[in-house]
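Colleague: Same order as they appear, the protein sequences are chains A and B.
Residue 77 in our numbering sits at position 77 of the first sequence; the count goes up by one each step and never skips.
Residue 23 in our numbering sits at position 23 of the second sequence; the count goes up by one each step and never skips.
Keep in mind that the hints were calculated from the coordinates and are not lab data.
Be careful, since some hints might not be right.
Stated by the list, open to error - Have a look at the derived ranges for each label pair, beta carbon to beta carbon:
1. A:232 <-> B:82: 33 to 43 angstroms
2. B:132 <-> A:3: 30 to 40 angstroms
3. B:185 <-> A:162: 30 to 40 angstroms
4. B:119 <-> A:130: 29 to 39 angstroms
5. B:62 <-> A:222: 18 to 28 angstroms
6. A:165 <-> B:180: 36 to 46 angstroms
7. A:15 <-> B:20: 40 to 50 angstroms
8. B:27 <-> A:118: 56 to 66 angstroms
9. B:113 <-> A:15: 13 to 23 angstroms
10. A:161 <-> B:114: 29 to 39 angstroms
11. A:118 <-> B:65: 24 to 34 angstroms
Predicted model only: the values in this text are computed from it and were never measured.
Positions of the beta carbon are idealized from the N, C-alpha and C atoms, including for glycine.
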Amino acid sequence: MTFLRETSIVFNRQLRMNLRNPAWVIIGLMQPVLYLALFGPLLESFAPMLGTDNAYMVFVPGLLIQLGIFGALFAGFSLISEWRSGVIEAERVTPASRTALLLGRVLRDSVQLAVQGIVLIALGFAFGLRGSIGGMLIGLLITIALGTACASASNALALTTKSEDVMAPLINSVALPVLLLSGILIPMSVGPQWLQTISDFVPTKHIVEAVRAVFAGDFANGVVYWGIGWTAVLVALGLWAGTRTFRKENA
Amino acid sequence: MIHARGLSRTFDTKHGREKKQVQAVQGVDLDVEAGEIVGFLGPNGAGKTTTLRMLTTLLKPTAGTATVAGFDVATQPVDVRRSIGYVSQSGSTSPEALAGEEIVDHGMLYGVGKQQAERRGRELFEQLDLDGLWTRQPRTLSGGQRRRLDIAMGLVHDPGLVFLDEPTTGLDPQARANLWTHISALRSERGSTVFLTTHYLDEADALCDRILVIDHGEIVASDTPESLKRQVAGDLIELIVLSADQVAPAAARLSALAGADAEVADRTVSVRVPRAGTELPGLLRSLDADGIALESIEVRRPTLDDVFLELTGRSLREHA
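The following block holds chain A by itself, in its conformation from the complex:
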């Protein structure tokens, strides 16, 4: 009970500050929206090559995952500035659970991602996305779970490095290959065999494929289970890294 109360105090505080200055939420959403508006139309003519008659069924799930990974990985930056202004230390001398201090922040990122995801899917509809509504809901949930994992890991990284200058290149050097090898923009299945083989080792590729499958209403497809399984693993890893860092002394 106390834990939930503490988590919600932290969450409410974070959300209030976000709403007061929504610039980052909007900037975070701008990127996938620009992709959708400026790159989507290019993809339309390639739809048959991608094995579909609706390019947005392939593209929107990819953008959703991109939002989940990229947006959330940068969540830790706000933690660094909070740490610098002494907020983290001040919270750590209260009797509140350290896990609650993390979870309240990560939940804010989850909610933010949910809103961004819904906006993105709605915009996708405007561009011609059609598919299983239930599947889109599941796809959104997978995205939120993945984003939660990334946000938690990002907070752990932020509290460990305590420096934007260390964190930014670190995130970029991980996120870019992951993004390319996940087949965000174009499915890996159109690539050469060697590229496909490498991408098989990237968990987020399976997650993107799972979200594409559920968007199409293809729930029984094996890729869906792989994707959900990997998401669960990443969530566990992300939350473990986050709580471990927040509970560590002197962090």
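Once you have looked at the hints, place chain B on chain A.
Modeller: What follows is chain B alone, placed relative to chain A:
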């Protein structure tokens, strides 16, 4: 309120491949009784902040024990946190948040109800001269206001013991003086026990009943500012004689008075005595009798800087 025995903290540092252990705090014993204002004085890197972080449960001691407000810092950290207020030197509020909201949220993290936290917060704003700043963003506040806001944050759950880490560092003289009155009021009006770290001697002198001097991770002295100054250094009598040939007889007089050799530099002769005030009339008479004419005579009360120099062989100011 605070009882520490043999409190130590060792940090592992890596220097290239070589692993080294740094002893930041070594075997600190300290006792602070309820109602005291105790200053923890030492240069940067002496172990002040490390000790403070152990006492406030932010850091686990590698050896030794400490009880704070009746609870063990190692085994009952949550109880310790509930009983203390901690005002760190790095601040406690987000620059973009609203001051009032920060204090209410902070109080709620201590388990105080929302309405009570708000009532308490408004009370503290009034006491700490922060009226009208409830809906301001901390980034728009002055340095002194922000520091008072940090103190309010540390007091929102009504702790009986308050830790202040370098409370006036970086403030202008007026804001410092103002903050001192608020720190004194912590005890006089709320009955709090206060433990503060500082590297300003005048601050320790003005605020504290008792001073603990720490250097190289060890406590080297613990007493009232007055008695520390008396014990260690004594008052300085410094006189300048009119002509150079009177230096020697004047030095002889002063040496006899102090029972130690007087220091001579050009026409200046100086010596330390326990109480200059009672010695001065007799000294002036005897100098007069010897026909020694003075250009000036000055008596300087020892400062804590003198104490520190005496105790550690180096001056505090070099490090401040």
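Colleague: Looking only at beta-carbon atoms, does the pair residue 118 of chain A, residue 65 of chain B fall within the given range of 24 to 34 angstroms?
Modeller: 54 angstroms, violated
Colleague: Between the beta carbons of residue 27 of chain B and residue 118 of chain A, is the distance compatible with 56 to 66 angstroms?
Modeller: 60 angstroms, holds
Colleague: Range first: 33 to 43 angstroms. Now tell me if the beta carbons of residue 232 of chain A and residue 82 of chain B are that far apart.
Modeller: 37 angstroms, holds
Colleague: Using the C-beta atoms of residue 185 of chain B and residue 162 of chain A, is the stated range 30 to 40 angstroms upheld?
Modeller: 35 angstroms, holds
Colleague: Go ahead and decide if the range 29 to 39 angstroms is satisfied by the Cβ distance of residue 119 of chain B to residue 130 of chain A.
Modeller: 56 angstroms, violated
Colleague: Using the C-beta atoms of residue 15 of chain A and residue 20 of chain B, is the stated range 40 to 50 angstroms upheld?
Modeller: 45 angstroms, holds
Colleague: Residue 62 of chain B and residue 222 of chain A, beta-carbon distance inside 18 to 28 angstroms?
Modeller: 53 angstroms, violated
Colleague: Does the Cβ-Cβ separation between residue 161 of chain A and residue 114 of chain B fall within 29 to 39 angstroms?
Modeller: Holds - the Cβ-Cβ distance for residue 161 of chain A and residue 114 of chain B, about 35 angstroms, lies within 29 to 39 angstroms.
Colleague: So the hint says 13 to 23 angstroms: do the beta-carbon atoms of residue 113 of chain B and residue 15 of chain A match that?
Modeller: 20 angstroms, holds
Colleague: Quick check: does the Cβ-Cβ distance between residue 165 of chain A and residue 180 of chain B fall within 36 to 46 angstroms?
Modeller: 38 angstroms, holds
Colleague: Check the following: the C-beta atoms of residue 132 of chain B and residue 3 of chain A are separated by a distance inside 30 to 40 angstroms.
Modeller: Holds, at about 36 angstroms.
Consistency note: the structure conflicts with the earlier hints numbered 4, 5 and 11.
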